[in-house]
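Student: Letter by letter, the chains look like this.
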Amino acid sequence: MASQAGGPKDKLVDDEEVLQAVVLADSFNKRFRPLTTRKPRCLLPICNAPLLDWTFESLALAGVQEVFVICRSHADLVKEAIKESKWSKPGSGMKIVPIMTSKETYSPGDAMRDIYTRGLVSSDFILVMGDLVSNIRIDEVVRVHKERRKTNKDAIMTMVVKESGAEHRTRARGDSSIFVIDSETSECLHYESVTGFPATKSAKIPREIFAEHPEVEIRNDLIDCSIDVCSVEVPSLFQDNFDYGDIRRDFVHGVLTSDLLMKSIHLYVAQEGYAARVQDTRSYDSISKDILSRWTFPLVPDDNHPSGHNYELRRGNRYIAKDGSVVLARTCKIGANTLIGPSSTISENAQVTSSVIGQNCIIGAGTIIDNAYIFDNTIIGSNCKIQRSIVGSGCSIKENTQITKGSLIGDGVTIGPDVALSPFERLSAKRPSLKHTPTTDDSEDEDSDLEGIERDQESIKGSIDLGKDSNALVWPNGPPDEEDDPDDVENYRNQRFMRLGDDVSDILSSDAGSETSEEGTDSSHVETDSQYDGRSVSALSDASAPSDIHTFSDNAEREFRVEVKQSLDRAFAEGHSVDNAAVELKTLRMASNVSLTRVREAVIAAIVERIPLVDSGAVQQRKEIASVIGRWGPLIDKIGGVDAVETVCLLQAHCATSSRMPLFGQILAALYQDDIVDEDDIRKWHSLPASKGEGRKPSPEADSLKKCWVIGSHMIKQFDEQESEDDNSEEEGVAPTSRNIRKEGERDNDSSDDEQMLRSRIVSQQHTSSQSGEEDDDDDVSSPPPTDPLSSSSSENSGEDQSGAAKDSTEGSSDDGSEGSV
Amino acid sequence: MDLETVKQDLVSREFRAVVLAGFGNELQPLTGDYGDEPSPKALLPVANRPMIEYLLSWIEQSGIKDVLLICPAIHRPALYHHIHSDVSSSNLNVDLQTYDETIDSGVGTCELLRHFAHRVQEDFVLLSCDFIAPPSLPLSTLLNQFRADSGSNGSIATTCWYATNKPEKASSPDEWGPSAPPTSIVWDDASSTLLHIDTADDLDQNSEELELRMSLLYPKVRLSSNFQDSHVYICRHSILDALAQKQHLDSFREEFLPWLCKVQYQKLKRRKYGHILYPETYAQSSQTTALLHSTLLTLNAVDNNVLSPVSDNEGDVTASLKVGIVLHRADAGFAIRVHDLHSYVEVNRRSLAAANYALPTDPKNRALIDQKAQISADTIIGDSTKVSERTTIKKSIIGRHCIIGKTVKIVGCILLDHCVIEDGAKIDGSVLGKNTKIGSKAELTRCVTQAGYEVSAGDVVKNERLETSDWTAAAGMSENDDETGENESDA
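Line by line, the protein sequences give chains H and Z.
Here the working numbering = 1-based position in the first sequence + 342.
Here the working numbering = 1-based position in the second sequence + 365.
Derived from the structure by calculation, the hints contain no laboratory data.
Take the hints with a grain of salt, since some may be wrong.
Unchecked claim - Taking lysine-lysine pairs in the DSS-like style, the calculated list, with each CA pair at most 25 Å apart, reads:
#	chain 1	residue 1	chain 2	residue 2
1	H	Lys-543	Z	Lys-585
2	Z	Lys-637	H	Lys-1026
3	Z	Lys-771	Z	Lys-729
4	Z	Lys-585	H	Lys-546
Modelling step: build the complete structure from the supplied sequences, incorporating the hints.
Tutor: Here is the structure:
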């Protein structure tokens, strides 16, 4: 009866309105892959019951009588599951109708249009996702909604949100939202989605809403449960606006911003009860824990378990299947917040904490399972360690296997023995043969994904050892080469916010810097410049400290560096102008969202590596250096913002680790000669403790740093001599000096040394002054006090009695500070 | 007496009130010069009482004894005279300081504070002379909130915002100048923290949208454009140090306070100014509150916290550098800053609601009011004012020493002192500066006049700001008027 799709019109009497619900049993994203390659997300078990059953249970609690389940991927399986479930039995009180939608349904919006064309709903209905766990009285929301509809026909939708806190573990950080609400009417006035990456820095609230709503609430503490009470016209609105895809980002946003529709959307802020969506692996983890901690009461494993299991609740939220089929060894340890399914066996000395074990599982002796989720029929050998991971059903994990945080093991995978997976590994089983797959109606893209992975298996897998009998395919990890839309919610970095066990510390920490530096003005150049002190030092330490946490940002940076190198190689090879190269780098920098320091670092590295090593003597070598620096040196200052001290620091750091270490002095001299750095900068660099390599362990790098510093000392000594003597006598020092180089480079043009010196100093002083103006932005960063009287007027504003004119100049320079770079 | 004063000095003062009395440019032409004599804004009467009186008594009731009153140099004689005259009944210890300024070249409030910082050795309350608070909002409430906050979590300032009063339609015409645009503020209700003030700069940068940093969006904040700044700021003394640092800021209300709000949640600013604003306990490294307030940063404890889905890392809170807020809602009583003509009319109109006119008991004043004059109950008439026969006065405030002729009709007006209304004039909804003279049978509707202005007999003027252009003539004339007025009253 439930299987006859498309027969929603019933003989139910009209005057008693049937409460209808529509369940979108497809997630329209791939966050759970590879767990979802063989079954839809809504059939993944959470606490040993399929998500869909939890959803039905939640709807039954609200007194829903008729449910339409929109299935897309693996529709057969969903249909089958519904047929088998207790809801299809007579007397369940809820009528469930699976609706097979076409493969062309790519978004919730498409599903809504399908609902419209099929004419499924006849009155106000509840729209939920197939991954909902809730104990909220949705019928109350429906009542409120209908009440409101009586007076306000334009109130077309009521979204249910749950009050929590900004840091609630069930709140998806990668995909959350800010709601602006009129507190009187609880009308939603503005919706803004928040992503973890690119990090949403600010909320933009249209001012026009203040005109009608002088006092509003801005809520950043709500869990969007995706429970919407919709009026009948909602599907038709989707039909009218064919570009609506996502319900929140497109539909809600569209309705709220539209001047034509004149519809309003309201919020129902649930103060009590629990509702959350299993929308990613991270929330899978937190919702499992919420269920085990009984926040979802009355939907808890020992009572109302959606799959009808019987569990015994023991002290400390331990749930053990009641039928006596569970075998617990005498020496095993079961920690708090743990669920063990029927017919499972826990062997001697095994430890299970904060985890869920499915049915018919065997946990080997001495195995540690911590914060992990093991689906049905999985066998885990002895002395394994599984942490913060999800292991699919029918897997076989051989002995001594380590599965570390964030790993997802698809159904039927065999790995081990003696294998250690790196964090966030994703594995799925090879398909026996393409012909025999029962899920032939898998959507095209999924198949192609899988095929791609099979094809590239060798390259992806690399050196990862999965054990001799393993049938596992390794899914690619790390950011994809090119992303369709880096601003999309489903971009790789943002996905990481939704990943189980990922603390995203690298993304966050790279964020924190830009966040702080944002203060005052909006100019990005100013930001990075004001960060200079910390950054340049850290750049030095980065070079040497072997980072044991090889993290994403390192990868990204490495990648960025490679790209810069490629871009510069191209520029070198094709002889681009410096300006063009600079533009290209700027674009690259915007695209990769890295700090200016990194760009400079990469540019310097590329330029230094560009210098050919010449064996035929120092003179020749100097010529090479001079020509490369002369051609490309200006690029260092063109990439946006001038910071010569940092340039020297980075040069030192790079040389210390490069084969071009011996060239450091000459390169520095060449830079000096080309006015890219000047004497003061070198002195300043020289006085930095980090330049000396202080505070780092003795290592080759530290030695090299020290050497560079010594070269710098020579140079400064010569500056001093030069100043005191101020004559044209030449000395042949051991270290190549600016003077030597200068002589050589200036043979053609006969300008006098002193004149050149003076000019270069004035120019660079101007650099300093404009720069310190930038640093001032709106706060007075202690800028390096200019030594030159030429520049003292605008850089310091801490004078005792500053007149208005001086103030203006400071402000002026901070305003257009970004353009101030010479 | 002597003993008492000695004692007072021994007890260290907690607060000093710093009252700023400006020119009141927005109140032109009422604050325009009368001849050579300035008309200080602070002395503009509200219900026949100079507005600064309200403020001073408000301060006095809170227990603050010391007031630093800062006014332009040319206002000094008038204010000095007022404070030391009998009219002012306060026992406050007023330190009157002046600065040189002309109406055109305004000196910023920050500049003033920096200049007089050495006279303020303790925490201070910065007020503007034009705030009139209802009895339901005593200053001590604000002080108490400040005391509580600064004691418990290192608050640095407390502000007070009052609900905007929607002026009645047509009570004041547009010709009187634009009324102040609403300011949007963002605050956290639970901790009564002021988080953001939407400044004119923000508006310039993005007039379509209001941009709020994620880090200031505490989980739940409120935003309203319904409140106005009362210009009552209770500040830690350290604010003066911060002011000295931020030399380029000019206006306390429009620039410094929004900046101060940002210090609460912007890490770099905290690091830079935290030790200035809160030197006592502020440790350089303690960013805990900033982190707490930051919604982008995760607290590591969250993941380990299995049982409760909500993390509570509330412990260990150092100086929050909080800017507190006290909201005064419209239903809790009428508060207003008298900073433009609209609010001036509004506050006077409101004061009439409580008025209950009765004929003066004093025989001398009684004699001046003609028997046949009709004066409604919602009217206030100052001393020594003469009202002639068959004159009707409704919903109006008449100053002292005015002379009102026969069959005059005055409805919904405010007449300052020494006005002369000749026979048969009709005045409706107008504000007349002092010594204004209205010729006979003239009709004035919704006008405002500068001190000493003269409306010729039979003129009909509507919706205008009337300003004297010829000083000497006007001054000479009005002096004559005064004399004649006195003569008349004598007679």
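Student: Hints first: check each against the structure and report whether it holds.
Tutor: To see whether the hints hold, each was checked on the structure:
1. H/Lys-543 with Z/Lys-585: Roughly 16 Å between the alpha carbons, so the hint for H/Lys-543 and Z/Lys-585 holds.
2. Z/Lys-637 with H/Lys-1026: Since the Cα atoms of Z/Lys-637 and H/Lys-1026 sit roughly 23 Å apart, the hinted pair holds (cutoff 25 Å).
3. Z/Lys-771 with Z/Lys-729: Roughly 20 Å separates the two Cα atoms, so the pair holds.
4. Z/Lys-585 with H/Lys-546: holds, 16 Å
Checked against the numbered hints given earlier, the structure satisfies every one of them.
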